[in-house]
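**Q** The chain contents come next:
There are 2 protein chains.
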Amino acid sequence: MSKGVTPQSQDYSKWYTDVVQKAELADYSPVKGCMVIRPYGYALWENIKANLDKMFKETGHVNAYFPMLIPESFLKKEADHVEGFAPELAVVTHGGGKKLEEPLVIRPTSETIIWSMYKKWINSYRDLPILINQWANVVRWEMRTRMFLRTTEFLWQEGHTAHATAEEAIEESHKMIGVYRDFAENFMAMPVIVGTKTENEKFAGAVDTFTIEAMMGDKRALQSGTSHYLGQNFAKAFDVMFQNEKNEQEYVFASSWGVSTRLVGALIMTHGDDKGLILPPKLAPYQLVLVPIYRDDEAKEKVMPYVKDITDSLDALGLRYHVDSRETLSPGFKFNDWEMKGVPLRIEVGPRDVDAGKLVCAKRLSGEKAIITKKEFKETVVKMLDDIQFEMLASKKAFRKENTLDINSYDELKAATENGGFARAFWAGSSDDEKRIQEETKTTVRCIPFEQSGKEGTCFYTGKKTTTQVIFAKSY
Amino acid sequence: MSKGVTPQSQDYSKWYTDVVQKAELADYSPVKGCMVIRPYGYALWENIKANLDKMFKETGHVNAYFPMLIPESFLKKEADHVEGFAPELAVVTHGGGKKLEEPLVIRPTSETIIWSMYKKWINSYRDLPILINQWANVVRWEMRTRMFLRTTEFLWQEGHTAHATAEEAIEESHKMIGVYRDFAENFMAMPVIVGTKTENEKFAGAVDTFTIEAMMGDKRALQSGTSHYLGQNFAKAFDVMFQNEKNEQEYVFASSWGVSTRLVGALIMTHGDDKGLILPPKLAPYQLVLVPIYRDDEAKEKVMPYVKDITDSLDALGLRYHVDSRETLSPGFKFNDWEMKGVPLRIEVGPRDVDAGKLVCAKRLSGEKAIITKKEFKETVVKMLDDIQFEMLASKKAFRKENTLDINSYDELKAATENGGFARAFWAGSSDDEKRIQEETKTTVRCIPFEQSGKEGTCFYTGKKTTTQVIFAKSY
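Protein sequence lines correspond, in order, to chains A and B. Position 340 of the first sequence, counted from 1, bears residue number 340 in my numbering, the numbering being contiguous throughout. Position 104 of the second sequence, counted from 1, bears residue number 104 in my numbering, the numbering being contiguous throughout.
It should be emphasised that the hints constitute simulated quantities derived from the structure, not laboratory data. Take these hints with a grain of salt, some might be off.
[What the hints assert, rightly or not] Here are the computed lysine-lysine pairs in the DSS-like style, where the Cα-Cα straight-line distance is at most 27 Å:
#1 A:K54 to B:K54
#2 B:K54 to A:K308
#3 B:K14 to B:K334
#4 B:K99 to A:K76
#5 A:K57 to B:K22
#6 A:K22 to B:K57
#7 A:K54 to B:K282
#8 A:K119 to B:K3
#9 B:K383 to B:K282
#10 A:K32 to B:K77
#11 A:K57 to B:K57
#12 A:K99 to B:K32
#13 B:K49 to A:K54
#14 A:K76 to B:K98
#15 B:K76 to B:K120
#16 A:K98 to B:K202
#17 B:K120 to A:K14
#18 A:K32 to B:K76
#19 B:K175 to B:K401
#20 B:K32 to A:K77
#21 A:K369 to A:K383
Please take these sequences and the hints and turn them into a complete structure.
**A** Printed below as a string of structure tokens:
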């Protein structure tokens, strides 16, 4: 744990797995493709969860829980859906010592089981909307896995809503991608581009998929959350009709939306550096770590009450902190350890600081170390954390801007994205064109941003005139 | 939903499933043995979870997450464990379209996967204790299921701790059964008997199992939470050794403990009556429901600001409430609906109440309905809820006392437990004796209570002298 990580410049991918392990976020498990989320990583996920859950409830949603095991036949009811998910399924064939009459699949996502229940619950427009979210584990059999980013089992939330009109379901799917954007930017300090997926990239069973796309430290894109307008596809597959206000039978309209433990990977790759993790104050399990420094009992008796006085103030402010009083480790070791774990502020207190009424305050983000009075610290600690949160978002916005190029030719696209980087381009190509570009350059259309210039330009690939600009990038 | 439930006296089992469905706690799913936890039931589980999680953290535990899929061979490493769980396993044989080399089982409990990880993490006494809890879903293939009480998939928490000494692991397992007792009595208002399981009833793989046993409304026992001292069984099965302070290699000592969504069933059956659910204020999703009553817009304009004034006070007090402003339903329908859902206090406000500065306050527990001034309501609402919480526990303690008999003969045992009821008895029988009694009477030893009289008596079955008293009962 005390040893450093592989530098990003040397091997970004190795840097990532080093950080995951050395910051004790997760560990490899004996089950292929599955990871163990360790307490520090899980504490981060708990903070993500708590804040998102609050935002979901504030927008009128309630939580529920549906079975993890789904009859195999359900998946087949929506043609695109089964095509998309069939290759990734884990199948339970035996239960209680017997072969099952019909195999059950472990949910890769829950549209099918949930819509089979909505059929029972929805009769009239008075039963609508249904605004349900579920926190759950899902399984998608993955060939190439990477901790947090792509694992066979992962944790996520999945919202599944039912509406009387297309307009309302579309509004819902937009509202929720907006919640994700808000969360990404204001909690994760991770700027995102919000937009629509192309046909090639949309969810299996959706009419439209909306996405938030973030730029990682190696300038590649990470799809960080999606929201789908499902039209009447699942209502038709499960025969879910309702009586509308005109007494007519009509199929129900749907949305679904989700984010997962992938967000932990997003946090690591957005902010981390060669010393390890850097966590935004709003989500850090510990916003501060206090390291008392002493060589003997006399010094300890001097330092500890002073530290207690500081933590009393932190309690009063409702801040999350940890006092590292491990006896057998040196201060230097502890400093490295908490830098690896990305704690925003480190406070050091030794006997001389107590005499002077001061303390050392070190910022993980900037590396700055300042000696300030205890009084000043108490008065400014909340503002310091707010400032760090703000600076983290601002610097990542600047980083993304630097690494986003407007391109006008295929060669420019290749140059702009070869080693990471976003390319903004006018685009009027077909799905096949997109696939060809992907094969040739490993670059895909990440999204058609909601925010468009409104200007007309020429598609770099087809030469057609268009007003549509898209973002191309290599992605995770 | 407006229709009543089957009376308890007519068919308790039917009463139970009626309440589960009519209070919209859960619904049957298309997957055999699995239920859907509906939003109202899930909100109850969220409150259970939040309070328990806080208690776990206050006692030094942290959360983590381990894979749900476990290699089949792992289960076999602990002989008792596999014998206990093998008949209940769900087995994944195919993943990603291929047959797996080794089948994976869905966790029925996580000792095996967790101890395979502890082997990686534990080297020295300095790595101990490990105090990890996990909130997760588990699957146990059940033949006869009942919503919340016994379902194939259920939600639970499982604590898994590792210690350097037997004493410490035993202390931990006692501490946690104490946490469960505290939660059952002070949050669920459900008195429990804390004790040790006999050999016949203990967890597969444990040295000792401790339990909290509650008396349901039909006087049958419900095992509501268990904590196990596992000795070195799993450490030996997974070869987890540590270097102790004397530089010797030693196997690690363990505990595990869990409660599940079964607690929702416990709440229903402890407190419910023929009008439906009765929820303790500390766990109720809504502690109060407000029903504004008006016939026209004029009356509505009068009533709603008054209701708003009341809810402002409830916000200030941090209470959970719901205003039922559904336009198409009658007040009477709403009253029944919220009685079914067990909301502790119902507030009714009509135009005449506004004129008089009063409101109607109806208590779900006692059925009492009083007209009080708004001022008095605001001043006393917290106390009213506290009193209800207290009364619920007190009345259930009295109920259990009434239905617990000291018995001295086998005939007395049969009489005391035939239609529910606890029998307290001196017991010196063997495991075989216990099995015979179970076959003949369907009654089992629920536990050997920690609290013993200290007196000597005669075992009603063997005639041997003993100081051990146990509780016999029919159970769920």
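**Q** Each hint needs a verdict: does it hold in this structure or not?
**A** Results of checking the hints against the structure:
Between A:K54 and B:K54 the alpha-carbon distance is near 18 Å, which keeps this suggested pair within the 27 Å criterion. Straight-line distance between C-alpha atoms of B:K54 and A:K308 comes to about 23 Å, which keeps the hinted pair within the 27 Å bound. Proximity of B:K14 to B:K334 is assessed by CA-CA distance (about 23 Å); at most 27 Å being required, the pair is judged to hold. Between B:K99 and A:K76 the CA atoms are separated by roughly 20 Å; this keeps the pair inside 27 Å, and the hint holds.
Distance restraint check for A:K57 and B:K22: the Cα-Cα separation of roughly 24 Å lies within the 27 Å cut-off, and the hinted pair is therefore satisfied. Of the pairs offered as hints, the one joining A:K22 and B:K57 holds, with about 24 Å between alpha carbons and a cut-off of 27 Å not exceeded. For the proposed pair A:K54 and B:K282, the alpha carbon gap of about 20 Å is at most 27 Å, so the pair holds. Straight-line distance between C-alpha atoms of A:K119 and B:K3 comes to about 21 Å, which keeps the hinted pair within the 27 Å bound.
For the hint pairing B:K383 with B:K282, the CA-to-CA distance comes to about 12 Å; that is within 27 Å, so the pair holds. This hinted pair checks out: A:K32 and B:K77 have alpha carbons roughly 19 Å apart, not beyond 27 Å. Proximity of A:K57 to B:K57 is assessed by CA-CA distance (about 24 Å); at most 27 Å being required, the pair is judged to hold. Distance check on the hinted pair: A:K99 and B:K32 sit about 14 Å apart at the alpha-carbon level, within 27 Å; holds.
Distance check on the hinted pair: B:K49 and A:K54 sit about 16 Å apart at the alpha-carbon level, within 27 Å; holds. In summary, the hint linking A:K76 to B:K98 is supported, as the alpha carbons are separated by about 18 Å, within the 27 Å threshold. In summary, the hint linking B:K76 to B:K120 is supported, as the alpha carbons are separated by about 20 Å, within the 27 Å threshold. Proximity of A:K98 to B:K202 is assessed by CA-CA distance (about 26 Å); at most 27 Å being required, the pair is judged to hold.
Pair hint B:K120 plus A:K14 holds up; C-alpha atoms about 21 Å apart against a cutoff of 27 Å. Restraint check for A:K32 and B:K76: satisfied, since their Cα atoms lie roughly 19 Å apart, inside the 27 Å limit. Proximity of B:K175 to B:K401 is assessed by CA-CA distance (about 26 Å); at most 27 Å being required, the pair is judged to hold. The suggested pairing of B:K32 with A:K77 holds, with an alpha-carbon distance near 19 Å, which does not exceed 27 Å.
With a C-alpha separation of about 16 Å, the suggested pairing of A:K369 with A:K383 holds against the 27 Å cut-off.
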